[in-house]
Structures are given as structure tokens and as C-alpha cells.
Amino acid sequence: QQQVKQSPQSLIVQKGGISIINCAYENTAFDYFPWYQQFPGKGPALLIAIRPDVSEKKEGRFTISFNKSAKQFSLHIMDSQPGDSATYFCAASGWGSARQLTFGSGTQLTVLP
Amino acid sequence: DAGVTQSPTHLIKTRGQQVTLRCSPKSGHDTVSWYQQALGQGPQFIFQYYEEEERQRGNFPDRFSGHQFPNYSSELNVNALLLGDSALYLCASSLMGDRGHGNTIYFGEGSWLTVV
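Chains as they are written, first to last, in the working numbering: chain A, 1 to 113; chain B, 1001 to 1116.
Hints may be right or wrong, so weigh each one.
What the hints assert, rightly or not - Restraint-style ranges between C-beta atoms, simulated for each label pair:
| id | chain 1 | residue 1 | chain 2 | residue 2 | range |
| --- | --- | --- | --- | --- | --- |
| 1 | A | Gln108 | B | Thr1005 | 39 to 49 Å |
| 2 | B | Arg1015 | A | Gln81 | 24 to 34 Å |
| 3 | B | Gly1016 | A | Lys68 | 26 to 36 Å |
| 4 | A | Asn22 | B | Phe1069 | 13 to 23 Å |
| 5 | B | Gly1084 | A | Lys5 | 15 to 25 Å |
| 6 | B | Phe1060 | A | Lys58 | 13 to 23 Å |
| 7 | A | Ser7 | B | Phe1060 | 25 to 35 Å |
| 8 | A | Leu112 | B | Gly1016 | 25 to 35 Å |
No lab work stands behind these hints, which were simulated from the structure alone. Heads up, the beta-carbon is just placed ideally off N, CA and C, and yes, glycines get one too.
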């Protein structure tokens, strides 16, 4: 019940295209859903996060869409750039677990120039 | 404003040895969590420290232990190292009770541990 399932495992997008990464969760106690970006050899960097009381959050080219009834959330990267090439992780935590993050398995995004 | 800092950045240990990794949380944060990230996988929660006590623990054996100091910094200790302990060890900091800011959790750059 603690799993977060992430897809696809890898994604190749042309420069200027839209990158979409999907995650699904099972634990209804989760109430915080962040996305992290990780470059090789670096730690994960917080990209954007959402709480379940909203269905969408946008920050620049990055948008999270959240579907509480389906227990799914997704990251959309608009106008994808080669510099966006990295591994993206979705995660989830619940207040009761004091922000113990459960991560998805990651998506390796490659944006072609 | 310093972010989460970890040391050392890389280290190589021999099977059976012990290792200590260190972490200083982001300024203003009081909670430190440790994660293990194996190559090609997502980070896995090891444990969390708040007020110098272990508050939560993931599915890791007792060989993994930790400590938090009064200045909120933390150490991760791993005893009797196994080859499978080779991974990136990440420290994450947050502010307990910071629900108003969306439970923001920041990670350090990690310590790469290789066990040979």
C-alpha cells in the first residue's frame, strides 16, 4: 500500500515538445506529492509539488496534474529543452508519516536538440 | 543560506568495515532523514531524526544506525558492510510542523559509498 508506480521508465522527446510522466499511488493517506529532478552524480532537486486539494499546479514550464479519485498524478514539461534531460522521480508522503517520502522508480528523460 | 551539506562525497570501504556519513541540514530545518539510492533506482527511506531521536524507520537492518546532534546535524553509521550497501546515501532536511509550506524536503548531493 506504500507503493508509488511511475511510468514510463524512459522517455525521448524532441526539443520544444511536451514531456509527460505519470505516477499512481495506493495509500489514500498520502497528502503531499513532489517531483524531483536528478542529474547524474547529483542529489534530487525539488522541482514542483502539489497537495490533493488542488487539481493542477503550474510553475513556469512545469505543471502537475492531480486526479484524487483515480489516485494518479502527472508531470508535464512544456517546451522541453535539452537541459531538461535528467531523471525525474515522483514521490508521495503523508502528514502522519512526518514526510517520509515514498519514491517512484524514476523516468530517464532525454530531450533531443 | 546554506543548503543541505553532506560529507564525504565519495568513499570506498572493504566488506565488513564500518562507515560514518555526515549531514548538516538546511538552515532553519530541524529534521533529518536518510535515504539509500541504489544505481538506477529511486531513493529508499532509511530513518528520520527529530529532537535527537529516531522517529521513523524504513525497512533496513539494525546495521544501519544514526544520531542527531543538538545543532540538528546528523550521522549515518553502517556496520558490517556488505557489497549490496554500495549506493548513494542521501540526507534530506525539513522543518517538523511545516505543513503550511507543503512539507518541503530538500536533499543534499549525497555520499557515494562503494563497498569492495
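Problem set entry | Ascending list of hint numbers which this structure does not respect | Checked against the structure, the hints that fail are numbers 1, 2, 3, 4, 6, 8, while the rest are satisfied.
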